[in-house]
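One-letter residues, chain by chain:
There are 2 protein chains.
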Amino acid sequence: MENFVYYNPVRILFGEGKIAEIGHYVPKGMKVMMTYGGGSIKKNGVYDQVMKALTGTDVVEFGGIEPNPHYETLMKAVETARREGVGFLLAVGGGSVIDGTKFIAAAVGYEGEDPWNIVAKGTPVKAAMPLAAVLTLPATGSEMNCGAVITRESTREKLAFHCPLVFPRFSVMDPTVTYSLPKRQLANGVVDTFVHVMEQYYTMTEHTEIQDRFSEGILRTLVAIGPRIISADTPDYQDRANFMWAATMGLNGLIAVGVVEDWATHQIGHELTAFHGLDHGVTLAIVLPGVMEATKEHRRRKLLQFGERVWGIDPTAADAAEQAIARTERFFNSLGVKTRLGDYGVGMETIERIERRFRDRGRYAVGGIDDVNVDNVKAILVSRL
Amino acid sequence: MENFVYYNPVRILFGEGKIAEIGHYVPKGMKVMMTYGGGSIKKNGVYDQVMKALTGTDVVEFGGIEPNPHYETLMKAVETARREGVGFLLAVGGGSVIDGTKFIAAAVGYEGEDPWNIVAKGTPVKAAMPLAAVLTLPATGSEMNCGAVITRESTREKLAFHCPLVFPRFSVMDPTVTYSLPKRQLANGVVDTFVHVMEQYYTMTEHTEIQDRFSEGILRTLVAIGPRIISADTPDYQDRANFMWAATMGLNGLIAVGVVEDWATHQIGHELTAFHGLDHGVTLAIVLPGVMEATKEHRRRKLLQFGERVWGIDPTAADAAEQAIARTERFFNSLGVKTRLGDYGVGMETIERIERRFRDRGRYAVGGIDDVNVDNVKAILVSRL
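Residue numbers (my numbering), protein chains in the order written: chain V, 175 to 559; chain P, 175 to 559.
Treat each hint with caution, since some may be false.
[Stated by the list, open to error] Simulated crosslink set (DSBU-like; lysine-lysine; CA at most 30 Å straight-line):
| id | chain 1 | residue 1 | chain 2 | residue 2 |
| --- | --- | --- | --- | --- |
| 1 | V | K476 | V | K295 |
| 2 | P | K250 | P | K216 |
| 3 | V | K295 | V | K226 |
| 4 | V | K512 | V | K470 |
| 5 | P | K217 | V | K205 |
| 6 | P | K205 | P | K250 |
| 7 | P | K226 | P | K357 |
| 8 | V | K300 | P | K205 |
| 9 | P | K202 | V | K300 |
| 10 | P | K295 | P | K226 |
| 11 | V | K300 | V | K226 |
| 12 | V | K202 | P | K476 |
In case anyone wonders, no lab produced these hints; they're calculated from the structure.
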C-alpha cells in the first residue's frame, strides 16, 4: 500500500423521498442556480420535487447542459450566474450536469485570463461557488467526488480536472428517480461503474487488501444486479438502490486510497467520444477488453485474482487470464452493449488519429501504468475493430 | 436497504512518516492541548515526532487518560483546557484517548449544569472545540467517527455519545507506530474490529449488497492477517497497514449506511468491563458467540451468508450455522484471546447484576434488534461461563 491522504466531506441523502429534504441543506438567503440537461427532469417529476423543496428560495434556471458537457455551454452558465448574483449551484441530473456544474463553480470566480486553463493546464482554482447535486443517473460517481470531465466542442478535446473546492456540499440520491431512465443509459451506467472500479483495482499496487475486497464487492454487485436491472419490466427499488450506491462507491476516492491508479481505458475512450460522439459507457466497454489483453502478462497476478474473486475462475487454469477477459466482455454484451469498434462504424482512420493525438501530448504512458502507451495504443484499438 | 444520511469529513493522513505533516493541518495561532494515555508514546518515539511536527506551536500536555477513559479524569482535562485558553485538541493514542478527547471537546464549552448528561441523557452538544488525532492502536475506529464511550468510575457506568461536532478534523495513521504494541493489544484490536463489523453486518436488514460485501471484505482481511500479526516476530509494514485501515473502515459509518445496526454484544460487553475491568476486546470475544447462538434462527439467512462468504462453509450443510459460530470463536482463540467467562473468573453473581442492570434501564431489547433482550441476556451469559 502507498501512503495517502483521504478526504471526502460530501453529505449523502439517500433514499426515496429525500429530495424533499434539500431545503434544510441549501444555505438561506442565497440565490440558487439550478442546472440541468435536456429537460427529462420536467417529464419525470424531479423538477417539480426540487422546486417544491426549494419553496421560498430565489431560483434561477440554467438548462441544456449536454452529455459530455461543453465548455462553450458552461461559460454561458457562468455569465448567467454572474449576472444574476447567484450564490449556490444545484445540479439536477447525471454526471454530465454535475461535472458541468463543478466547472461553472470553479470558473465563476476564476481570476485568470481563460477558464479553460483550469482543465487544459490544471491551473489551481482558489475559490469556487458552493454546489450540491440531485443525482438522476447512477454512473459517474460525480455526486461524491471533486472531479469533472469537460469537452471543448471547438477543438474536440475532452479533459478532466480535480479540485477539493468543488466537492458537492450534499448530494441527494433517490433510487426512484432512475425508474424513467432508458435501458441504454442504465447499461452505460453499469459499464461506467464497472470500468471505474477496474481502473483503480486492475493495477500493479500490492498489499491493498481492503481496497481489493471493496472493489471486488462492487464488481460482484454489478455482475449480480446489472443484467436484472436491464431485463426487468418493472423497476425494483432495492436493485436500483444498490446500483446507485455501487456507482457512488466506485468513484468517491475510497477504493483508490494507497493505490497507483490506471485510467488508460478512460483516456482512450475519451478520444472515441471526442471524435465520434460515442456514449462514454460504450467507449469503455469497447476499450477495456483490449487494455486487459495488452496488459495480461504484466498485471497477471491481479488479473488472476480478479478472475477468481469476481468470476470464480480457477487461477491455476492455463487460460485463466483469457477467461477473465472474455467473461468481462460477455458481461458488457449481456447488458446489451456492443463491444467492437466496427459495431459503431469506427475504423482505422480514427485509430490513427487517436494514436497521433497521444504521441502529440509528449507522454509515453497513456494511463497511470506504462504497459499501455503510445507504442501499443494503436494495436489495442486495432484488436477492438 | 433503509434510507440514510452519510457524512464523514475526517481527513486521513495515512502511511509511514505522516506525523511530520500535522503542522500543516493544525490551525495557526491556537494553543494546542495534546492528550495521551499512560506514557507509552514517550517510549516509542511518537511523542517526539508529534512535538517536532508542532515546532512553533504553543502546546499544553494532558497525559494519564486511562483505558475506558474516566469522566473524572476527563473533567480535569476540561479544567486545564479552560484555564490554559486552549483552542485545539490533539489526541495521541488509541481509542480511549481519542474518545476521551472527544468528550473533552464537547464538555469544555458545555452550557448545561452537568456535562455527564452529554453521555447519560444524550443532551445535545451545541459547540465543541476542534480536535484531531494521531492513532497509535488500531481498534475502535474512533479516529474516523464522531462517537465516544466514556466510563464514570464512581457509578461504574460505561456509556456512549455521538455528535458530528466531534469528528476529528484530521487523523494521522502511521502503521509503524503500532510496532511497539504488545500482542495482547493487537489481538484485542483485531477482535474489536471484527465485532464492530458484525454489529453492523450480522443484522436483519436485507438488500444491502455493497455494505455486505464491504463488511465481508473487512472480516476476510482480519481472518487473513490477524493471526499473522500476532505470530510475527518482526512486524510486517503491509500487514500493519492493512489492519490499521481495516479497523478504521470497520467503524467509520460506511458499512452501517442503510442498515438497522445491532450493538447487543457491545452493550453486554461494556457491563463486563464496568464490573470487572476486562479488556474491551476480551468482553466482545466472550459475548459474540453467545449472541450468535441465541439469534441463529432469527438471523439465519445472514448467518449462513456470513458462514459461506467469510469462512467458506457450505450453507446447505445441516450444521452450517453452528459451524459459522464455532469458526468465529476459534478465530478469537487463534489470536490468543480466551472466550469463556470462567477464563477470567467471572461467575453467576456478575451475570445476575448485569441482567438486573438491563432490566432497570426499562428497555426490552439490549441492542438494536430485540432477539437479544432482558429475557435472554442471562441465558446468553450463562452459556459463556
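Distance restraint between P/K250 and P/K216, which requires alpha-carbon spacing of 30 Å or less = holds (21 Å)
Regarding the pair P/K226 and P/K357, is the alpha-carbon distance no greater than 30 Å?
-> With Cα atoms ~28 Å apart, P/K226 and P/K357 stay inside 30 Å; holds.
Pairwise hint evaluation, V/K470 against V/K512, where the allowed Cα distance is 30 Å at most = holds (22 Å)
Is the straight-line distance between the alpha-carbon of V/K300 and that of V/K226 30 Å or less?
-> violated (34 Å)
Distance restraint between V/K202 and P/K476, which requires alpha-carbon spacing of 30 Å or less | violated (44 Å)
Hinted pair V/K476 and V/K295, Cα distance within 30 Å = violated (33 Å)
Holds or violated: V/K295 to V/K226, with C-alpha atoms at most 30 Å apart = Measuring from Cα to Cα gives roughly 40 Å; hence the hint is violated.
Would you check the hint for P/K205 and P/K250, treating anything up to 30 Å between C-alpha atoms as holding?
-> holds (18 Å)
Are the Cα positions of P/K295 and P/K226 separated by 30 Å at most?
-> violated (40 Å)
Is the straight-line distance between the alpha-carbon of V/K300 and that of P/K205 30 Å or less?
-> Holds, at roughly 28 Å.
Straight-line Cα separation of P/K217 and V/K205 no greater than 30 Å?
-> violated (56 Å)
Please work out if P/K202 and V/K300 have their alpha carbons no farther apart than 30 Å.
-> holds (20 Å)
Checked against the numbered hints given earlier, the structure breaks hints 1, 3, 5, 10, 11 and 12 and satisfies all the rest.
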